[in-house]
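**Student:** Next come the chains, spelled out residue by residue.
Number of protein chains: 2
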Amino acid sequence: MNINGQHYRTIWRHPQQPEIVQIIDQRKLPFRFEIVDLTTAADAAVAIRDMTVRGAGLIGATAGYGMMLSALRAPKDSREAFLQQVTADGDLLKAARPTAVNLAWAVDRQLAAIGAADSIETAVQAAEITAQAIADEDAEYCRRIGEHGVELIEEIASRKKPGEAVNILTHCNAGWLAFVDYGSATAPIYAAHDRGIPVHVWVDETRPRNQGARLTAWELAQHGVPHHVIADNVGGHLMQHGMVDLCIVGSDRTTFTGDVANKVGTYLKALAAYDNGVPFYAALPSSTFDWTMTDGVHQIPIEERGGEEVHTVEGLTAAGDVTEVRILTPDSPVANYGFDVTPARLVTGLITERGICAANADSILALYPEKRSTE
Amino acid sequence: MNINGQHYRTIWRHPQQPEIVQIIDQRKLPFRFEIVDLTTAADAAVAIRDMTVRGAGLIGATAGYGMMLSALRAPKDSREAFLQQVTADGDLLKAARPTAVNLAWAVDRQLAAIGAADSIETAVQAAEITAQAIADEDAEYCRRIGEHGVELIEEIASRKKPGEAVNILTHCNAGWLAFVDYGSATAPIYAAHDRGIPVHVWVDETRPRNQGARLTAWELAQHGVPHHVIADNVGGHLMQHGMVDLCIVGSDRTTFTGDVANKVGTYLKALAAYDNGVPFYAALPSSTFDWTMTDGVHQIPIEERGGEEVHTVEGLTAAGDVTEVRILTPDSPVANYGFDVTPARLVTGLITERGICAANADSILALYPEKRSTE
Chain G
370 MNINGQHYRT IWRHPQQPEI VQIIDQRKLP FRFEIVDLTT AADAAVAIRD
420 MTVRGAGLIG ATAGYGMMLS ALRAPKDSRE AFLQQVTADG DLLKAARPTA
470 VNLAWAVDRQ LAAIGAADSI ETAVQAAEIT AQAIADEDAE YCRRIGEHGV
520 ELIEEIASRK KPGEAVNILT HCNAGWLAFV DYGSATAPIY AAHDRGIPVH
570 VWVDETRPRN QGARLTAWEL AQHGVPHHVI ADNVGGHLMQ HGMVDLCIVG
620 SDRTTFTGDV ANKVGTYLKA LAAYDNGVPF YAALPSSTFD WTMTDGVHQI
670 PIEERGGEEV HTVEGLTAAG DVTEVRILTP DSPVANYGFD VTPARLVTGL
720 ITERGICAAN ADSILALYPE KRSTE
Chain U
370 MNINGQHYRT IWRHPQQPEI VQIIDQRKLP FRFEIVDLTT AADAAVAIRD
420 MTVRGAGLIG ATAGYGMMLS ALRAPKDSRE AFLQQVTADG DLLKAARPTA
470 VNLAWAVDRQ LAAIGAADSI ETAVQAAEIT AQAIADEDAE YCRRIGEHGV
520 ELIEEIASRK KPGEAVNILT HCNAGWLAFV DYGSATAPIY AAHDRGIPVH
570 VWVDETRPRN QGARLTAWEL AQHGVPHHVI ADNVGGHLMQ HGMVDLCIVG
620 SDRTTFTGDV ANKVGTYLKA LAAYDNGVPF YAALPSSTFD WTMTDGVHQI
670 PIEERGGEEV HTVEGLTAAG DVTEVRILTP DSPVANYGFD VTPARLVTGL
720 ITERGICAAN ADSILALYPE KRSTE
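Going down the list, the sequences are from chains G and U. 687 is the number that this note's numbering gives to position 318 of the first sequence; each next residue is one higher, with no gaps. 683 is the number that this note's numbering gives to position 314 of the second sequence; each next residue is one higher, with no gaps.
Hints were generated in silico from the structure; no laboratory data involved. These numbers come from a predicted model, not from an experiment. Hints may be right or wrong, so weigh each one.
Said to hold, decoys possible - Stretches of chain U that chain G covers, calculated by requiring three or more beta carbons in the stretch to come under 8 Å of a beta carbon on chain G:
| hint | stretch |
| --- | --- |
| 1 | 603-609 |
| 2 | 638-646 |
| 3 | 696-704 |
What the hints assert, rightly or not - If you want a taste of the chain U side facing chain G, the calculated C-beta under 7 Å gives, among others:
| hint | residue |
| --- | --- |
| 4 | R576 |
| 5 | N579 |
| 6 | A582 |
| 7 | G593 |
| 8 | V598 |
| 9 | I599 |
| 10 | A600 |
| 11 | V666 |
| 12 | P670 |
| 13 | G684 |
| 14 | T686 |
Here a beta-carbon is modelled for each residue, glycine too, at the ideal position from N, C-alpha and C.
Can you build the whole structure from these sequences, using the hints too?
**Tutor:** See the structure below:
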């Protein structure tokens with residue numbers, strides 16, 4: 370999507386120096402827009418671990434490019450030494466964020482492609498092709514989510530007065546910054562905006578890490594999509610008063626029975642949507658489905674994160690410095706659950722790269738019939 | 370309640386200099402505990418306007434004491450000049466926060482008491498007695514709310530294993546800092562704690578102004594009540610997993626049909642409580658009832674506040690300075706609705722100074738039969 374009027378992906382090869390991969394330092398957004406060079410697999414691992422990049426799709430793409438950097442730089446004098454280095458770099462990358470499913474998947478895909486090559490030269494080419502393919506597929510899946518999801522927005526727009534915006538509420542950042550391009554929850558929004566359908570987005574700030582305020586709002590502002598940032602407390606009031614036409618959120622894991630794990634607070638918005646007859650959708654590429662669990666609320670483990678995220682907030686001082694302030698006394702302990710699970714009964718539907726389906730096993734498996742055997 | 374092991378109210382006459390009234394500067398909590406002297410009605414008006422004091426009960430008490438200061442300092446040479454000054458100070462106080470119902474009520478009560486006196490001397494005495502009475506009644510109403518509400522906590526405790534805490538979730542600050550003592554939502558909690566019933570409180574941080582993180586958590590920590598601060602997004606997850614036994618919130622206005630206006634986000638917690646079978650109570654003195662409105666969601670006006678509250682957060686730097694940081698770019702507009710309305714159907718009951726009742730007109734009017742005529 371666009372930054373300062375120019376198209377970007379979240380990760381790309383340097384146009385003049387293809388042995389360098391470039392990313393946006395997302396930790397510094399929205400206060401600074403800085404591009405970081407990755408020249409080694411270790412650089413990529415650090416970027417993943419330090420959350421310079423984040424989001425399932427982008428972590429996978431960074432791991433893919435990280436393995437490409439490994440292949441480009443690994444010793445070329447013997448196949449054994451080459452493969453040893455590439456394998457070690459794969460382990461390094463996988464350890465950067467052990468719970469990120471896409472990370473291990475991308476590394477393993479690269480190891481298979483590299484291992485299948487019959488020479489070091491073709492192995493390097495395979496790593497380059499695979500890195501590009503992982504990124505392109507991620508972008509293409511999100512583009513298709515946008516193509517399917519935009520139909521929901523078009524349908525609502527058709528019932529509005531001419532020029533009246535469709536109001537969409539989203540939580541956290543399931544935007545293009547979390548993927549390679551388009552995003553998941555944002556893909557239908559960008560598609561609608563780019564087609565000239567008037568849209569307006571309510572952006573939950575998404576405490577405690579403020580991904581909505583910091584990332585989603587910045588994305589939308591850069592791409593020119595009208596929006597307002599709101600405290601996480603506000604969405605219920607807006608829905609009670611007819612100010613939200615549609616909710617679209619992302620997902621970190623969705624059971625094949627339709628329970629949606631996403632950033633904590635999603636469940637509260639789904640309850641308000643249900644209570645007020647507002648359609649509530651999760652947008653996700655199929656890699657987000659869990660084909661084994663049947664009861665998301667009780668089976669999906671919820672990460673409890675460190676308390677500093679709640680105790681402190683990062684922002685810009687009047688002098689323009691990025692700094693962290695403590696917002697409560699150290700006397701008060703905090704609890705910091707990172708995610709919650711919205712039960713399928715509150716989810717109107719799922720927007721996937723293959724189309725829109727209801728949040729139940731029959732509808733999901735009808736879109737993904739090859740998964741029926743795992744039931 | 371207690372601060373550093375010593376009992377305080379939120380407002381009191383200086384023990385050695387009774388012509389001085391003292392308050393806690395609540396804007397500086399929890400970072401600094403500072404006591405401020407009020408010597409004139411104008412001082413009291415500034416304290417109300419600048420939110421050095423806040424909360425319906427405390428605003429009323431501050432107005433009462435402000436009128437006492439006015440009477441103490443007004444010219445005593447003629448009754449006319451005396452009353453003129455007192456009346457002017459009443460207008461000044463009322464203008465400090467025009468929407469605060471308790472403010473005008475306390476000023477008018479003082480003006481009536483002062484006006485009914487047959488000399489300047491007895492008028493000053495009446496103002497002193499009335500100021501004390503307003504504060505004492507506020508504390509007494511909250512104490513009774515605690516006496517009634519603690520029965521709910523006792524009942525839950527009786528079903529727990531010995532020593533296992535009753536988990537109570539609250540939103541915003543309806544604590545003793547918002548009243549003269551005890552608070553409304555916190556009164557049952559303090560009563561239970563002081564009786565040795567183990568309680569643990571989940572404190573919503575309450576963005577955007579963070580009254581939960583700043584005030585409620587500080588109150589509870591000072592009084593020794595176990596608690597955890599949580600992001601506003603977390604309560605739903607906790608309720609899904611049986612980690613909340615009871616929700617108690619305050620109210621800014623409650624219709625006699627049981628719709629509860631309170632700090633924005635309350636409605637979302639009520640939805641989660643209802644979805645998970647967690648009892649959800651609002652605690653309020655009867656002055657909070659609106660005896661005219663029947664449909665809170667559509668009739669209670671919701672204040673839209675300035676955007677700076679969402680754009681910025683105040684906290685403590687590593688160097689120990691209280692400072693404000695901007696947490697999103699000025700490119701992103703914000704919307705800042707201060708309150709929402711929880712419909713009566715989601716409210717298990719109301720805890721008042723006269724007892725607990727269901728959230729409907731019949732039950733409320735059964736406790737307040739003298740209000741039947743206004744139906």
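**Student:** Can the hint on U/V666 be confirmed by a CB-to-CB distance to chain G that is less than 7 Å?
**Tutor:** 6 Å, holds
**Student:** Would you check whether U/G684 satisfies its interface hint, that is, whether its CB is within less than 7 Å of any CB in chain G?
**Tutor:** 3 Å, holds
**Student:** Examine the stretch 603-609 of chain U: at least three residues should have C-beta closer than 8 Å to a C-beta of chain G.
**Tutor:** holds (count 6)
**Student:** Next item in the hint list is U/A600. Is there a CB on chain G closer than 7 Å to its CB?
**Tutor:** 4 Å, holds
**Student:** Let me know if the C-beta of U/P670 comes in closer than 7 Å to any C-beta of chain G, holds or violated.
**Tutor:** Cβ of U/P670 sits 12 Å from chain G, so the hint is violated.
**Student:** Do the numbers back the hint for U/V598, that is, is its least Cβ distance to chain G under 7 Å?
**Tutor:** With Cβ-Cβ at 5 Å, under 7 Å, it holds.
**Student:** Grab the minimum C-beta distance from U/N579 to chain G and call the hint holds if it beats 7 Å, violated otherwise.
**Tutor:** With a minimum Cβ separation of about 6 Å from chain G (threshold 7 Å), the hint on U/N579 holds.
**Student:** Does the nearest C-beta of chain G fall within a distance shorter than 7 Å of the C-beta of U/T686?
**Tutor:** 6 Å, holds
**Student:** Taking the closest Cβ pair, is U/R576 under 7 Å from chain G?
**Tutor:** Holds, because the Cβ-Cβ distance from U/R576 to chain G comes to roughly 4 Å (cut-off 7 Å).
**Student:** Count residues of the stretch 638-646 of chain U with a Cβ under 8 Å from any Cβ of chain G, then say if the count reaches three.
**Tutor:** holds (count 4)
**Student:** Double-check U/I599 for me: the hint is only fine if its C-beta lies closer than 7 Å to a C-beta in chain G.
**Tutor:** At 5 Å from the nearest chain G Cβ, U/I599 passes the 7 Å test, so the hint holds.
**Student:** How does the stretch 696-704 of chain U fare against chain G when you require at least three residues with a CB closer than 8 Å, holds or violated?
**Tutor:** holds (count 8)
Violated hints for the displayed structure, listed by number in ascending order: 7 and 12.
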